[in-house]
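Protein chains: 6
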Amino acid sequence: MYKRILLTGAAGLLGQYLRPELHKRWPIRSCDMRPIDKPLPGEEVATCDLADREAIFKAVEGCDAVLHFGAISIEGTFDQILQANINGTYNVFEGARRAGTKRVIFASSNHAIGYYPRESHIDSDAQPRPDTYYGVSKSFGESLGSMYWSKYGIEHASLRIGSCREEPVDRRGLSTWLSFRDLHQMIVRCLEAQRLGYAIMYGQSNNTRAWWDNSKVAHLGFQPQDNAEKFAPALLKDAKLENPEDPAVKYMGGVFCTDNPPKWPTN
Amino acid sequence: MYKRILLTGAAGLLGQYLRPELHKRWPIRSCDMRPIDKPLPGEEVATCDLADREAIFKAVEGCDAVLHFGAISIEGTFDQILQANINGTYNVFEGARRAGTKRVIFASSNHAIGYYPRESHIDSDAQPRPDTYYGVSKSFGESLGSMYWSKYGIEHASLRIGSCREEPVDRRGLSTWLSFRDLHQMIVRCLEAQRLGYAIMYGQSNNTRAWWDNSKVAHLGFQPQDNAEKFAPALLKDAKLENPEDPAVKYMGGVFCTDNPPKWPTN
Amino acid sequence: MYKRILLTGAAGLLGQYLRPELHKRWPIRSCDMRPIDKPLPGEEVATCDLADREAIFKAVEGCDAVLHFGAISIEGTFDQILQANINGTYNVFEGARRAGTKRVIFASSNHAIGYYPRESHIDSDAQPRPDTYYGVSKSFGESLGSMYWSKYGIEHASLRIGSCREEPVDRRGLSTWLSFRDLHQMIVRCLEAQRLGYAIMYGQSNNTRAWWDNSKVAHLGFQPQDNAEKFAPALLKDAKLENPEDPAVKYMGGVFCTDNPPKWPTN
Amino acid sequence: MYKRILLTGAAGLLGQYLRPELHKRWPIRSCDMRPIDKPLPGEEVATCDLADREAIFKAVEGCDAVLHFGAISIEGTFDQILQANINGTYNVFEGARRAGTKRVIFASSNHAIGYYPRESHIDSDAQPRPDTYYGVSKSFGESLGSMYWSKYGIEHASLRIGSCREEPVDRRGLSTWLSFRDLHQMIVRCLEAQRLGYAIMYGQSNNTRAWWDNSKVAHLGFQPQDNAEKFAPALLKDAKLENPEDPAVKYMGGVFCTDNPPKWPTN
Amino acid sequence: MYKRILLTGAAGLLGQYLRPELHKRWPIRSCDMRPIDKPLPGEEVATCDLADREAIFKAVEGCDAVLHFGAISIEGTFDQILQANINGTYNVFEGARRAGTKRVIFASSNHAIGYYPRESHIDSDAQPRPDTYYGVSKSFGESLGSMYWSKYGIEHASLRIGSCREEPVDRRGLSTWLSFRDLHQMIVRCLEAQRLGYAIMYGQSNNTRAWWDNSKVAHLGFQPQDNAEKFAPALLKDAKLENPEDPAVKYMGGVFCTDNPPKWPTN
Amino acid sequence: MYKRILLTGAAGLLGQYLRPELHKRWPIRSCDMRPIDKPLPGEEVATCDLADREAIFKAVEGCDAVLHFGAISIEGTFDQILQANINGTYNVFEGARRAGTKRVIFASSNHAIGYYPRESHIDSDAQPRPDTYYGVSKSFGESLGSMYWSKYGIEHASLRIGSCREEPVDRRGLSTWLSFRDLHQMIVRCLEAQRLGYAIMYGQSNNTRAWWDNSKVAHLGFQPQDNAEKFAPALLKDAKLENPEDPAVKYMGGVFCTDNPPKWPTN
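Chains as they are written, first to last, in the numbering used here: chain A, 1 to 267; chain D, 1 to 267; chain W, 1 to 267; chain L, 1 to 267; chain U, 1 to 267; chain Z, 1 to 267.
No incorrect hints appear here.
In silico lysine-lysine, PhoX-like type, Cα no more than 25 Å apart, as pairs:
#1 W:LYS24 / Z:LYS240
#2 W:LYS216 / A:LYS216
#3 Z:LYS3 / U:LYS240
#4 U:LYS216 / W:LYS216
#5 L:LYS3 / A:LYS240
#6 Z:LYS230 / W:LYS216
Simulated from the structure, these hints should not be mistaken for lab results.
Could you build all of it, start to finish, from the sequences and the hints given here?
Next up, the structure:
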């Protein structure tokens, strides 16, 4: 179905996992400002900064799909976020339009809706409630993707990813964890769909204590295979009663909803 | 629970499958204009045209439930549809009322809601959006069944059947397929329910990429066992990117939403 | 905007009111099986039965809008309804398609949703719950209109008219009354709309005790001027407590929900 | 997480099952007006009437969670209900507030919503529709718990328990059954939750024909393991068609919706 | 329509206003524990305590409608509330059932839903969120009324009254004010309705800044004539910016949501 | 209530109207990059570019409310939009946070939801569907305002303004027009509200053919006084039937949904 797929953020944690998995099906071009270790046979490499418009336009050329995973992935100063996540995401979408790309999959984040209380039971129609500049930039990307779909017919999915890593690391992760292979399945489902249109999907594994309702995108067929619950005994062993009004406990975004979210280095 | 059940369309594809399955539990009377090959022991046969009012009234006599599966099952001229599907369905419901029948299960169709975009996530409360005269006639039958329930207390289920056949035959079928045994389960659940009332249920197997939401009829306990996904590798092998605005791709009804739906022979 | 508008049922109660009102703005062609008394200057007349397909096709030719108000307007035998309301409505829509008509306004009825309890607070998305064959035929017309819009782009409004007459005549009418001039306004709004698309609208005046929620078609700008409440003192003067479970009291359709609805003459 | 949990109704059917299960994780204090047979090692016992305010206040002291399962559990005279279920529940909540208790789990009942028709598909936001004084008292307890959460921050879950017993005993039980171990899981999930807040949850096993929708409390992770369906063959063996308008068949509350609900002894 | 209507709380602020207004249409029997000053010609008087069951049963006899306005109308001790509002309301409903009364109108209160944030936009389906024992008792009365309607067919309206007095007295009153004549209209609409069934209605005038949505009871035709806005200039003259997280500002119940609601005298 | 209010975009069309109106109630500081003609007595002036962070921070100092109306107000290049509308809006919100400002009113736009079909009947919970980079930037501002409310407690309203000018100029304007005095009322309501919290409100006059549903912000009391309908005869005089699938006719954003939206000059 695809002759070449661009993956931005290819040198990041998720990108490194995705590269070989995706490349088994469709040739990929890996893009990052960091070098790509040991490219796979047939893998193309584009080394450039998301904020470098011309370089990004060039990287998208010849690709009929884009997986846009490059970004500052925690809180930053507004100027950091403005360059990498806002300007950078424009560069990717506009590059896709110029290149005639058919589909763009965007790594959005649960932090675009971080300020919903955990019991809210939200679905794909939930309005943005970002918890950081980072979260605002993800909401911006969803919004920009909506415009490119409506105006130019570029099919689009925004994946509101929870906590994508090897294993969940705290109680919150029992709800928000997304395993690598479930992330991969989400992407494949979006690429394979006969009609993708415009979709907002939550990136969570089949967790017993999951928060997010993907029923409005059920037609895409994402059926996660992993479940954070197997880590529950270890994670709950020393759990204590917590203050239900503590923002890190009350809201979906966890510690991002406090005054002290994890921060990108400035230099 | 039932001393005799009338099955119309008994010689059709679905009818042929259902006859022996149903007859194991409850005596059936098989009705079709075509001959019934090799009736089962104890099976009664009524050979008549749906448009023949007196014959249909007679066929329903003595039956405490009716499964109305007889119809022109693809697009026809309006006059064909008017006789077989509209007049014929009236004949069945009115016959049931006269005979004191308690429940009528009606084979409606996804083509009664064919013009919803595939991402609509519709449930039992979705208004009609038929894609053909055929679809309009199915919507008519649902509506007529509603009246017979409200006015005369005849319990009723309309099954909006997807693609009921041995195997799915195209990408769309990955979502719409209904296996024969899942069809059978749907019918049994409706017949067995302590209270059926009035129900609209989607006829789809437990497909990974299913479109329709049966949660409003969850109390009836339909839990399909088959999944079209096992046919996915074969069906997707040569799949291409398609135009998301092509009516056959955009809407639930598929090719019925184009100018060229499959057509019933005229002679 | 319109060079000629066809009005079916032009000799009926509503048609007689509408003819001169509409003709002030746009030339009309009045169609009925009964003769049209004293045609207006410039008014064209087409005398024919709704069930006469060729005659109806001919009547629609040259019209860029159709107001389809012809029908059996109370309960009839199924065969009466089948000919006049089901076959007849097909003839009108199909005639419109062949003639290149742009908009069809259909006089549907509250009896298409007559079996909702009065406190239901339903809107344009309410599923059919017809109370008679008459009501079923109106639901059929809405469904057919949906198909002609989706497939052929003919813009369409179905007006679920309450009780359209000079004055309300009973307690129920305090809720269901539609004055003639408010009916006229509804039609004008539908004809004038920059985009009509597909709309289901309830035909009720600005009644203090109105049941139906037109908010989903608020963009069309129907703002009724009359209110049945001015007749309340007379209509409630001798009112008694009634049985809340009596179908004529419980349901929107009133006496149509009983075993004894008003009936069309057979001969 | 808890240094001591109070269980009221500890000598009842559910209490007897729960005592050893809970005590494995957290020390319990068992409270009932009936004697507790063979207390477990480390189990504390408080023998008192729910209507005895001072005794209940004393029983709650030192407990950081309360499971309030004590009540008249079928229909009673209003005065019986007023003392045991209304006054008694106040005593428990007010005792909890005075003792600084963090969480109260309340055994509510499906009879708080017994008058919904079975096809209603209700969820945690369903308004009370009680079927008896008993049901009214359960609705009272939910409402009181809401106030203690909003005003005093006591986290709270009301469990609308279906039919909790060894096995389902009738057709209705195929939908309403809650196995003992699934009840236990519900309670554990509520106690373990990082943030419980205020939750209304339906107490039903993973029944094929379940009626109630727990999706709004899905974040708590209750995933029942049992299914009443295994009892279906036996329970349906001699099933007959029933009258769909019989209150015991039409409504969720079953026989509680008739004039003859099971009654508490008066003496 | 009514031969006699019982009004409880007849000597209270609202009762005093209502007595002469109602008596113009239908003979009333005024009930209060306080004496009724100067009974009107034809007005009957029943002096008794709401907690006196036999006296209340006797007071209801011969009345085909009851307006139950008697209650402790601010916060009390639980025991005060239990007797006057909970036991007392049971006495009224049970008396009505025994007397064959057809309709009961219950003065509920906005304090039954006091803990909704002001921007919640709630309607008749809002679940209880009481702010005091007083509010809990009003939720209890609504729930009890629901049971008497479902089980015994007594038609019922619960009026969630805002701030019913001569004039609004604070900023909150710009939203919650209910004028006396609008209260009277609400009651008349409920008594006059052809079918009342079970209704929950918010008691607010046509206030510019109203919070509550009565659209689900629009069929009853309550159209308030007064508007608190005319008092806005005076009430806002010295208004200051307030803390949006102060419970008295954040929630609908105002000062009832704080630790210091107005309290009924104890003696 | 306010000692000083900052108005950005003070020299623009809306700003010029608002300056004297607002200044009657509360002292204003007018900010624009263009000069302010004839400042009013007591009016402060701050001349600076929105993209100049330090200047904006300084302009906000000492203001307890901000009306942020400065922006590129039609389509621009992405870089123009990035500086003026994205970076500029950050500067205003962050300045407000640093200055301890209590409320920020943001001039958002209907172009943030321009791609909804006109019949969608959307309300304050509608997700972004922007039609231009301009629309994306307005969605960004709403999202940023949500974060500043959730994290820092700055109360916020985003006004999705339709067509704010002297008079409507085309058919679309019959729905989208907002008169200057209605704009002024919206702002005053937001400033006066006892609790504003976070609100999204549509900026349209009381137009007969209005599209947007402000019911979720009804508590704020915006009741527009003007109605575009008085311009209907002139605007509809030569109206023609239009193509319902033309993006400028189908979608709310009108010509902004085509390839040729009005564009900001580049130089």
